Amino acid sequence: MAASVPIWSHNPGIAVEAAFRDIAATRMADLPIANPMLAVEAVAFRRYEQNGHWLGVLITPWAINLLCLPAPGAPWPEAPPGAKHTWHFPSGAYEFTVAETAALGHYHLCSLFSPPTEFETQEAARQTAYAALAALMLADADAAPAPQPPSRRAFLGLRG
Numbered sequence: 069m070a071a072s073v074p075i076w077s078h079n080p081g082i083a084v085e086a087a088f089r090d091i092a093a094t095r096m097a098d099l100p101i102a103n104p105m106l107a108v109e110a111v112a113f114r115r116y117e118q119n120g121h122w123l124g125v126l127i128t129p130w131a132i133n134l135l136c137l138p139a140p141g142a143p144w145p146e147a148p149p150g151a152k153h154t155w156h157f158p159s160g161a162y163e164f165t166v167a168e169t170a171a172l173g174h175y176h177l178c179s180l181f182s183p184p185t186e187f188e189t190q191e192a193a194r195q196t197a198y199a200a201l202a203a204l205m206l207a208d209a210d211a212a213p214a215p216q217p218p219s220r221r222a223f224l225g226l227r228g
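Quick note, my numbering runs 68 ahead of the 1-based positions in the sequence shown.
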């Protein structure tokens, strides 16, 4: 039987921060890869209009991740923790890992920085989170144009 998935009708940012502050104080306390300049912070959680789910960035001392959490009225893929799921955004398709905590239930995460050693301040990590979300919503300008079928003349080996 599948675990129940909490449906977040209100912004889950506060719950995400609380769950990960608990993790920071317990399982991840004194982890050698943790960046002591960073604290747990949920950044810019909002409902993504294409699939209706909550999307934001989670900053922690040990990683910075995109997070997707279920929202009412939108189908949520059922998969066990550790499984992969691809979410599509204007900038492309990204592989997320299914994760679960007692406080949040199932959610999906996509690593942006792990460990986030290059950040000297929380503000730098926060600005990077905003920039990552903005870039996620940009159409892929570098995509090659779709190949055009050859003209009938070229297909027949004729010039011009």
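Note that these hints are calculated values from the structure, not bench results. It is possible that some hints are incorrect.
What follows is a set of in silico ranges between Cβ atoms, one per label pair, in the way DEER data are often shown [unchecked claim]:
hint, residue 1, residue 2, range
1, Arg89, Leu206, 15 to 23 Å
2, Ala202, His78, 19 to 27 Å
3, Gln195, Ala167, 23 to 31 Å
4, Leu206, Asp98, 36 to 44 Å
5, Pro143, Glu188, 17 to 25 Å
6, Gln195, Pro145, 16 to 24 Å
7, Glu146, Met105, 20 to 28 Å
8, Ser182, Ala151, 32 to 40 Å
Computed from a predicted model, the values in this text were never measured in an experiment. Beta carbons are placed, not taken as given, at the ideal position from N, Cα and C, and that holds for glycine.
Please write out, lowest number first, the hints stated earlier that are contradicted by the structure. Structure breaks hints 1, 5, 6, 7 and 8.
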